[in-house]
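Note that the numbering used here has the sequence shown beginning at 173, numbered continuously upward.
I should point out that these hints are in silico values taken from the structure, not numbers from a laboratory. Hints are not guaranteed to be accurate.
Computed spacing ranges between beta-carbons, pair by pair [stated by the list, open to error]:
#1 Asp-326 to Pro-283: 36 to 44 Å
#2 Leu-295 to Thr-215: 33 to 41 Å
#3 Ser-185 to Glu-317: 29 to 37 Å
#4 Gln-192 to Leu-331: 26 to 34 Å
#5 Asp-326 to Ala-372: 32 to 40 Å
#6 Leu-331 to Lys-227: 44 to 52 Å
#7 Asp-251 to Gly-224: 27 to 35 Å
#8 Pro-283 to Gly-313: 28 to 36 Å
#9 Gly-282 to Glu-317: 22 to 30 Å
No more than 16 Å apart at the CA atoms, straight line, and that leaves these computed lysine to aspartate or glutamate pairs for EDC-like [stated by the list, open to error]:
#10 Lys-227 to Asp-217
#11 Lys-227 to Glu-197
#12 Lys-227 to Asp-239
All C-beta atoms, glycine included, are put in the ideal place defined by N, C-alpha and C.
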Amino acid sequence: MYTEAVSTHPEVSLAQRKRQLVSDELTSAALRLLARRGFDAVTADEIAAVAGVSKRTFFRYFASKEDVVIHLLADVGTDMRTELASRPVGEPPSVALRHTVWVSVNACAGPGQQALRVTQLILESPALHARFLERQAQWGGELAEELAHRLGLDPRTDLYPQLAARIALSAFGAVLQRWSAGDGAEDPAALTDRVFAVIAPALDAVRGG
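Taking the hints into account, I'd like the entire structure generated from these sequences.
Here it is, written out as structure tokens:
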């Protein structure tokens with residue numbers, strides 16, 4: 173058994189690495205084209221051609237050209253929930269959610285022009301923005317469940333977890349919108365603090381009901 177595991181593991185790892193390389197190349201090609209020509213002007217065929225793969229290979233990795241960009245957000249919801257779960261017990265909701273949102277703002281608003289351009293593409297393209305909002309709805313449900321768990325509330329009957337999660341995600345979107353609209357000139361950490369200074373009283377109000 174041990175011998176078989178040793179002999180097969182490198183093959184699995186090699187296949188995974190190859191798949192990741194192709195995925196990364198498709199993503200890189202897509203971002204180069206989209207940044208230069210805009211989302212609507214680029215086709216999946218062109219992305220595949222620039223990446224040096226067939227159209228068939230493209231669709232083995234991504235269902236659409238939207239997916240090439242949106243998959244960059246794949247871990248945002250999980251990272252938010254993980255961060256919220258790690259916050260100290262008894263911490264005010266506004267503080268816990270500010271740290272939670274900052275983790276994802278920092279991931280999306282990273283250094284370099286690529287992070288800025290990806291954010292701008294997502295927020296400025298109707299098709300990508302719609303997909304982004306779909307993801308936000310999913311993240312909201314996950315955050316609400318974690319909030320309910322932290323506060324000992326029933327997510328099926330208490331309004332607070334769902335409402336607080338949506339407020340926090342609205343803050344996340346507002347920070348990214350302001351940062352991207354200003355071409356990355358404003359400090360995303362400062363923007364996050366400013367937004368949460370506004371919404372903290374609502375988040376820390378009497379819970380339940």
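So, going through the hints one by one against the coordinates:
{"no.": "1", "hint": "Asp-326 to Pro-283: 36 to 44 Å", "verdict": "42 Å, holds"}
{"no.": "2", "hint": "Leu-295 to Thr-215: 33 to 41 Å", "verdict": "22 Å, violated"}
{"no.": "3", "hint": "Ser-185 to Glu-317: 29 to 37 Å", "verdict": "34 Å, holds"}
{"no.": "4", "hint": "Gln-192 to Leu-331: 26 to 34 Å", "verdict": "42 Å, violated"}
{"no.": "5", "hint": "Asp-326 to Ala-372: 32 to 40 Å", "verdict": "24 Å, violated"}
{"no.": "6", "hint": "Leu-331 to Lys-227: 44 to 52 Å", "verdict": "48 Å, holds"}
{"no.": "7", "hint": "Asp-251 to Gly-224: 27 to 35 Å", "verdict": "32 Å, holds"}
{"no.": "8", "hint": "Pro-283 to Gly-313: 28 to 36 Å", "verdict": "31 Å, holds"}
{"no.": "9", "hint": "Gly-282 to Glu-317: 22 to 30 Å", "verdict": "28 Å, holds"}
{"no.": "10", "hint": "Lys-227 to Asp-217", "verdict": "6 Å, holds"}
{"no.": "11", "hint": "Lys-227 to Glu-197", "verdict": "14 Å, holds"}
{"no.": "12", "hint": "Lys-227 to Asp-239", "verdict": "15 Å, holds"}
Violated hints, listed in ascending order, are 2, 4 and 5; each of the other numbered hints is respected by the structure.
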